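Engineer: Chain by chain, the residues run as shown.
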Amino acid sequence: MTKFDLSIPSQLTAALAPDIFLMAGAMVLLLWAAWGRESVARQRAVGVASMVLCVLVAAVVGYFMWLDATVGPGPIAMDGFRWTADLILLLATFATIALSMDYNEREGITAAESHVLLLLATSGMMVLVSARDLIIVFLGVEIMSVAVYILAGLNRRSDRAAEGALKYFLLGAFSTCFLLYGIALVYGATGSTNLTEIGERVVGNGAGNPMLLIGMALLVVGFGFKVAAVPFHMWAPDVYEGAPTPVTAYMAAAVKAASFASFLRVWMEAFPDVFVQWHYAIWWVAAITMVVGNLVALAQKNIKRMLAYSSIAHAGYLLVAILARGNLGSSAFLFYLFAYTLATFGAFAVVVVLSDRGDRYLKIEDYAGLWTVRPWLAGSMAVFMLALLGFPIFGGIGFFAKWYMLQAALDSITPLTNLAVLLVLTSVISAGYYLHVVLVMFMKPVSRAESEPQLAGRLTQWVIAAAAVLILVFGIFPDPVVRLARSSVIVPIGR
Amino acid sequence: MIDPPYPLFYTFNFYLFGVIALASSLAFVTRKSPIAAALWLVNTMFALAALYVMLDAHFIAAIQVLVYAGAIMVVFLFVIMLLNLGHPSEVADVRGKWGKAAAAVLGVILLAQIAVMSGSRVRPEWILPRGEMDRLLAEKGAIGVVADPLFTNYLLAFELTSVLLLIAIVGAVTLGRRSDVAAEATTGESVSAG
Numbered sequence: 001m002t003k004f005d006l007s008i009p010s011q012l013t014a015a016l017a018p019d020i021f022l023m024a025g026a027m028v029l030l031l032w033a034a035w036g037r038e039s040v041a042r043q044r045a046v047g048v049a050s051m052v053l054c055v056l057v058a059a060v061v062g063y064f065m066w067l068d069a070t071v072g073p074g075p076i077a078m079d080g081f082r083w084t085a086d087l088i089l090l091l092a093t094f095a096t097i098a099l100s101m102d103y104n105e106r107e108g109i110t111a112a113e114s115h116v117l118l119l120l121a122t123s124g125m126m127v128l129v130s131a132r133d134l135i136i137v138f139l140g141v142e143i144m145s146v147a148v149y150i151l152a153g154l155n156r157r158s159d160r161a162a163e164g165a166l167k168y169f170l171l172g173a174f175s176t177c178f179l180l181y182g183i184a185l186v187y188g189a190t191g192s193t194n195l196t197e198i199g200e201r202v203v204g205n206g207a208g209n210p211m212l213l214i215g216m217a218l219l220v221v222g223f224g225f226k227v228a229a230v231p232f233h234m235w236a237p238d239v240y241e242g243a244p245t246p247v248t249a250y251m252a253a254a255v256k257a258a259s260f261a262s263f264l265r266v267w268m269e270a271f272p273d274v275f276v277q278w279h280y281a282i283w284w285v286a287a288i289t290m291v292v293g294n295l296v297a298l299a300q301k302n303i304k305r306m307l308a309y310s311s312i313a314h315a316g317y318l319l320v321a322i323l324a325r326g327n328l329g330s331s332a333f334l335f336y337l338f339a340y341t342l343a344t345f346g347a348f349a350v351v352v353v354l355s356d357r358g359d360r361y362l363k364i365e366d367y368a369g370l371w372t373v374r375p376w377l378a379g380s381m382a383v384f385m386l387a388l389l390g391f392p393i394f395g396g397i398g399f400f401a402k403w404y405m406l407q408a409a410l411d412s413i414t415p416l417t418n419l420a421v422l423l424v425l426t427s428v429i430s431a432g433y434y435l436h437v438v439l440v441m442f443m444k445p446v447s448r449a450e451s452e453p454q455l456a457g458r459l460t461q462w463v464i465a466a467a468a469v470l471i472l473v474f475g476i477f478p479d480p481v482v483r484l485a486r487s488s489v490i491v492p493i494g495r
Numbered sequence: 496m497i498d499p500p501y502p503l504f505y506t507f508n509f510y511l512f513g514v515i516a517l518a519s520s521l522a523f524v525t526r527k528s529p530i531a532a533a534l535w536l537v538n539t540m541f542a543l544a545a546l547y548v549m550l551d552a553h554f555i556a557a558i559q560v561l562v563y564a565g566a567i568m569v570v571f572l573f574v575i576m577l578l579n580l581g582h583p584s585e586v587a588d589v590r591g592k593w594g595k596a597a598a599a600v601l602g603v604i605l606l607a608q609i610a611v612m613s614g615s616r617v618r619p620e621w622i623l624p625r626g627e628m629d630r631l632l633a634e635k636g637a638i639g640v641v642a643d644p645l646f647t648n649y650l651l652a653f654e655l656t657s658v659l660l661l662i663a664i665v666g667a668v669t670l671g672r673r674s675d676v677a678a679e680a681t682t683g684e685s686v687s688a689g
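One line per chain: the protein sequences are E and H, in this order. One point on numbering: in my numbering, the residue at position 371 of the first sequence is 371, and numbering is uninterrupted. Each number in my numbering comes from the position in the second sequence (counting from 1) with 495 added on.
Hints may be right or wrong, so weigh each one.
[Unchecked claim] Derived DEER-like restraints, expressed as beta-carbon distance ranges: (1) E:Val469 <-> H:Gly614: 35 to 43 Å; (2) H:Gly602 <-> E:Ile393: 52 to 60 Å; (3) E:Gly62 <-> H:Val574: 40 to 48 Å; (4) E:Arg160 <-> H:Gly594: 15 to 23 Å; (5) E:Ala173 <-> H:Asn508: 47 to 55 Å; (6) E:Val428 <-> H:Gly594: 49 to 57 Å; (7) H:Val524 <-> E:Trp403: 30 to 38 Å; (8) E:Arg160 <-> H:Val524: 26 to 34 Å.
These aren't lab readings, by the way, just hints derived from the structure by calculation. Just so we're clear, the structure is a prediction, and the values are computed from it rather than from any experiment. C-beta atoms are modelled at their ideal positions from N, C-alpha and C, and glycine is treated no differently.
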């Protein structure tokens, strides 16, 4: 087993090899993208190169996983949690680039930089999930967010995209202030930004120190904005609706995943000993998020807004993992994240196909009778909806994701029975809108003006097929994913 | 660094610049004209720089004036004037009644937080010992005190900041570029990056 000493710069660099490789590759691609004339062909070529880069970085991550290295104290963590989260993020990026190559061509977006910005955002996320220092957490959040603000506004001919991007930018900057203020106060209360040191120092100084409590509360607000938990969710529906659909999928899956992973690491490494102080706050945020997200989703007519509220509801389920604490919580978290990422990408890929040029068909009614025109598309969409719902067998891996989350909630050191009951109840509510989509697709007559939706691009078809097949196959054989999630735990130093 | 009990001159300066900073930032958020608001922000930056000097952070104070009050605010003013936003009526309607109410509630909460926190004490062992700052300044100079940790302990953060700035530049170019020819791109023609 290799051990990295992060106080030596060369070893710190080695510990960050996948992240640095991705950044360097993205910068080379950026030069290539900016070198010549902007065209559809170049946009596609840069897209293909970006996908190859994702695979290469995933290979490097796999190598580190195999190396099973550990680290000494420092700003970066090396544990299974980081590598598995990295792989999920790279999977999401790969799918986003595949979707946006077709989408950009259809919508006339020729900026090849869009793919490069996705890669740079992902590099920020990879730094974020590895960060063991609040300054690095902040920089990771910013690298990720700034790139995604730009991506949200990429379609400059759409007023709605401009509105969504501006709203996202302003509220994102606003939420970053909370995060930064919280970091400053935690630093004031503990004298350190390093998670390990904070974890050691909160014990003696923590309990009653108002500065620490307020700092933690502000961190919850900051992270709450990024993961779109109620009551910090109001930006999400507008932004999800306005952004280009592949970017929406990226925001719903990757941005949420990376912010959550960092949230979990900060809470498990820095604040495990002041559990009593934050337990109720996060409990209530989780409960309200589940209830409000699912209830408001019921009322949505627009499929992108419906999926936005559904992703808010899923943020509530994921918060349970933070409350469950320990290895159980982080394993359930990663398993859930994997299932959620697959289902989210599948669902948004179908939305990309059916919305047609200019995003004309975004109402749920537009899906009526899809079964009679495009049976495969309707079948896949049904799988994604059932997976998000957590339905057994037909929902594939989605069922096991909910199952393990419930298990983590019930088996944690302080059993979260009430929250588990709420999780099940709100999942039942969510059947109202997930099954509604399935119902409309299979039972209603075709209603849209042009009965035949356009054919999906080749890559989009692949994303849909791969997501559906993976959901169903892992739904029957979840063992490999379970084993990976079990071995991917957060390993704090000296505990 | 001056240790308590503080001399009258030091106390006077603290309150003077503190009041200027608070008053200017209040004026900054209440002015209707963007130009006036930006100039009040410059004033706030100057007052903060003075407070940094009183904390012995001379280099940070100089950078605050040069970069924030100087470069960044000049660019702000340029943008405001270039976009011809100098007329109060055009932007006044952005701030609705509910926005103001929410801001007021949030402000009260943050004020209450400061009041609560004023009771908490920092552990003595995390505070620099008496005279330590003077010794460091004499030994390394005002810049060395900042540069030393920046290029050793915080090197990673420093490098990541450069990536962040790169993304901001790429984003500004991508969003700001004229691409009104993009409509043709759907037909597969190559278009100029103009």
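Engineer: Is it true that glycine 602 (chain H) and isoleucine 393 (chain E) lie within 52 to 60 Å of each other by Cβ?
Structural biologist: Holds: the Cβ-Cβ distance is about 53 Å, inside 52 to 60 Å.
Engineer: Using the C-beta atoms of alanine 173 (chain E) and asparagine 508 (chain H), is the stated range 47 to 55 Å upheld?
Structural biologist: violated, 32 Å
Engineer: Could you see if the CB distance from glycine 62 (chain E) to valine 574 (chain H) stays within 40 to 48 Å?
Structural biologist: holds, 46 Å
Engineer: Can you tell me whether the CB distance of valine 524 (chain H) to tryptophan 403 (chain E) sits inside 30 to 38 Å?
Structural biologist: Given a distance of about 50 Å, which is not inside 30 to 38 Å, the answer is violated.
Engineer: If you check the beta carbons of arginine 160 (chain E) and valine 524 (chain H), does the distance land in 26 to 34 Å?
Structural biologist: holds, 29 Å
Engineer: How does the Cβ-Cβ distance of valine 428 (chain E) and glycine 594 (chain H) compare with 49 to 57 Å: does it lie in that range?
Structural biologist: The hint (49 to 57 Å, Cβ to Cβ) is violated, given that valine 428 (chain E) and glycine 594 (chain H) are roughly 37 Å apart.
Engineer: Holds or violated: 35 to 43 Å for the Cβ distance of valine 469 (chain E) and glycine 614 (chain H)?
Structural biologist: Cβ of valine 469 (chain E) to Cβ of glycine 614 (chain H): about 59 Å, so the range 35 to 43 Å is violated.
Engineer: Quick one: are arginine 160 (chain E) and glycine 594 (chain H) within 15 to 23 Å, going by C-beta?
Structural biologist: holds, 21 Å
The structure fails hints 1, 5, 6 and 7 (numbered hints given earlier, in ascending order).
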